[in-house]
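Asks: Spelled out from the first residue to the last, the chains are:
Protein chains: 6
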Amino acid sequence: MRGLLIGRFQPFHLGHLAVVREIRSSRPDAPLLVGIGSAEESFTWQNPFTAGERFEMIQRALAEAKVGGVEVVPIADIQRHALWVRYLEGLLPPFDRVYTNNPLTRLLFERAGYTVELPKLVDRRRYEGVRIRERIAAGRGWAELLPPAVARYLGSVDASSRLRILRAGGARPTRGRAR
Amino acid sequence: MRGLLIGRFQPFHLGHLAVVREIRSSRPDAPLLVGIGSAEESFTWQNPFTAGERFEMIQRALAEAKVGGVEVVPIADIQRHALWVRYLEGLLPPFDRVYTNNPLTRLLFERAGYTVELPKLVDRRRYEGVRIRERIAAGRGWAELLPPAVARYLGSVDASSRLRILRAGGARPTRGRAR
Amino acid sequence: MRGLLIGRFQPFHLGHLAVVREIRSSRPDAPLLVGIGSAEESFTWQNPFTAGERFEMIQRALAEAKVGGVEVVPIADIQRHALWVRYLEGLLPPFDRVYTNNPLTRLLFERAGYTVELPKLVDRRRYEGVRIRERIAAGRGWAELLPPAVARYLGSVDASSRLRILRAGGARPTRGRAR
Amino acid sequence: MRGLLIGRFQPFHLGHLAVVREIRSSRPDAPLLVGIGSAEESFTWQNPFTAGERFEMIQRALAEAKVGGVEVVPIADIQRHALWVRYLEGLLPPFDRVYTNNPLTRLLFERAGYTVELPKLVDRRRYEGVRIRERIAAGRGWAELLPPAVARYLGSVDASSRLRILRAGGARPTRGRAR
Amino acid sequence: MRGLLIGRFQPFHLGHLAVVREIRSSRPDAPLLVGIGSAEESFTWQNPFTAGERFEMIQRALAEAKVGGVEVVPIADIQRHALWVRYLEGLLPPFDRVYTNNPLTRLLFERAGYTVELPKLVDRRRYEGVRIRERIAAGRGWAELLPPAVARYLGSVDASSRLRILRAGGARPTRGRAR
Amino acid sequence: MRGLLIGRFQPFHLGHLAVVREIRSSRPDAPLLVGIGSAEESFTWQNPFTAGERFEMIQRALAEAKVGGVEVVPIADIQRHALWVRYLEGLLPPFDRVYTNNPLTRLLFERAGYTVELPKLVDRRRYEGVRIRERIAAGRGWAELLPPAVARYLGSVDASSRLRILRAGGARPTRGRAR
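Protein chains in written order, with my numbering: chain G, 1 to 179; chain F, 180 to 358; chain A, 359 to 537; chain L, 538 to 716; chain X, 717 to 895; chain B, 896 to 1074.
To be clear, the hints were calculated from the coordinates, so they are not data collected in a lab.
Taking lysine to any residue and the SDA-like style, the derived pairs with C-alpha atoms no more than 25 Å apart in a straight line are:
(1) A/LYS478 / A/ARG418
(2) B/LYS961 / L/MET538
(3) L/LYS657 / A/ARG525
(4) L/LYS603 / B/ARG955
(5) G/LYS120 / X/ARG878
Just so it is clear, the structure is predicted and the values come from calculations on it, not from any experiment.
Can you build the whole structure from these sequences, using the hints too?
Replies: Right under this line is the structure:
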């Protein structure tokens, strides 16, 4: 049966790719659902890229790395944690194993009876979304932290300008610094 | 680039399969996004099956029919039609062609500049979701309207009982006939 | 442990009272949660009375009938049936038995492993919410279908005028007949 | 102080214009707020035009008819009738008189202590939104029911095609007839 | 008539119990509504326990302390403060006195014409939700701050582990530290 | 065609008035839409005044300053930035120029093809909403930062008390300091 890996992938970096690759090779027969969390958010510092852009990053990276057997699904947040696992069960095809290092995600799935596995993180200090966003905004040494296809894609959507604006600016169009 | 086909697939029947097959063979190089509409609804007469169940039906049917190059994505409704195309653009990876016979869907996408194609419908009178649901609820001659894998799957989740209840019952748990 | 009875109680009538009384006397040691469904709705033909008004009706009727051991809780609808039981589990203190004649409610609770009991309905043709609302709107012979305390209460909030307007008028303030 | 007139104005027709004109001339010193109800809806048969399109119709019609002293405000529905008047009080500058022929609107405002006046309707049978929409969809004799500026505007946005599609089609992009 | 006391009760501690007891004994004839605020939230650091768990805590504590005349009601937040009092009026049976030390709650109710009373707080430094949650997470000396029945209940749901995870972890399943 | 200026106007101060005046005099023939952002919020420190109160401030200030050609529209937030421009296009009559100094607003509108102009800010350090709110709460020297009509209006609604409470208090009625 399928496994499930949920992340926000802002952006999808080499740490994510290593986790997907490891899961896929440890269980070649079980397809992997990759859920794009906070899918409804974009153009914020925490979630600069739309779900569609993140979808595209993931697919390009997996194609480049020749990793198959992955299904990508955008997942909008619901704000009620007590319902979250049930919500995912209704949205996704059956899965029986969840990969996460997030303690809350782990708690919620274990309470619902799922097996939770903790994927080994590769050099967590380097491969962390917020640090990579900082680097992209600052324009220093970020490309080598991403799969080449993702780095090219971020260049094509001018991610640097966007991140610079989002880091400097306000949390909402109507709540900026310069107002 | 990708094409997009949106439906509710309640359930996924042979008419749907024929459309997917035709689109895929007419453009073998362009992957097809299959969006499961009204993904947030289930256990109603209009939408008896969860998005996850519909996802499973589609994947089983495509595997059985050996149709590849399809990506399945659940899509929750937003209630604001004027925003719908933009909403899909934010949720999905880039697509440039939309397949639909729904006049409103066509209107909304054409206003946004998309190419809309009308898939040929195979014997529309037979292959219509609501009629098939009627047949499943009544327990008469429905299996032959579905891909075998879907028919078996519906059997395994006892679709007949569920549809019988939903047809008879109310639209909400708190608004039934028998209260 | 507690039992749970959910209804919309528009209005709370003698049929409801009989059900509550029967449940309470069959299990004198188990408190009964009475959930007021569709609590967010009011001033519509389907749901003319606010949750607060229904709360008041129920408490007055139970006090008058000297029925104790009942806890009343307003319950707003969520629109996702697949999450409904889990939603109630998060909202209410533990319960282990559900009383309902609504087939969908029964289906959802049985799938979640609950014991569902079907309360005996007393003269269903007389004691049905919509028929009683019709009678109140028409001003003919409704008081005898309600607990006396409820009949007095409905008089005090001028339920007849309200129901007459709601039956004649539109479903929303901005969607009436006379516009 | 201001008066308030709420409608959906689908479309803004000569009956609406007569009402606005009469209110303005009866109280030349009191500005009139014209609230566009169901502002969040569009591209449905009940609400084919966006709030912005309706805003534009109203302003063009009033400019053409040289009616001043009107402020137009889009008003999204909230679904809770018991909160509706309070919601409007928070959204709009102070008003003390409400013009409506909708019995529910009248009930809700009178319960909140407002003076409600019933504008005289001019030939209600002719000037009713749904009938005018029918005529536009059918392409027969609708222009004379609208202020000339509105008729021209509707021509420029090709209202006939849109209404023909919405009348024939489904209530949602994912719930059409032809699916 | 009833009084109203609203809190989040994360968890229900001896300070809360003292307030309830004082209110009940000062007005033995007026039932007290205890509203569980932020009822839709759980499994966050601010709101670790579901409304149902908090409901259970309150009832066990009141039974143990032999305090009667209390009705417990979960209350989901609405995000619009200007509507909050009206929202409560629609949800709850009539009340005419509000007990609160929250300045905003007081402001909103006084603007709506209610009598607001400030319950005397017992040793506020000890009995504050967030400090008690800190102690539970750290596993040091928390049981004596709670009614014995609540302390036992929290032990039975393993509150310590949950709070330790929530304090360490992220605000959402998809926004944790370890991702 | 119209221009669009969006702000939260908490409160509407002399810096805002200068911007409106400059826009109006630079393009006397183009009406200006003034959108009140975060219209659904009030009674928070960030957004103390209701949309209706802000509407009233703006109209009084413009009448006093004899600035015409301005249409005021409350605009509720949607939380999805990627849809924001489209949302405004559906809500407002046509506009073709946007005035903003908010970098995110600018980014979103430029991506959608609009001309964005940066209004010159008058002494930004003095005329900033949050600083003015601080001064009002502290009761020191705020009146001279506002149009006289706004200063009088804020006096009439006792803005000082409200702001003092909101600065001290919690973000929600159920999440205050004193609980």
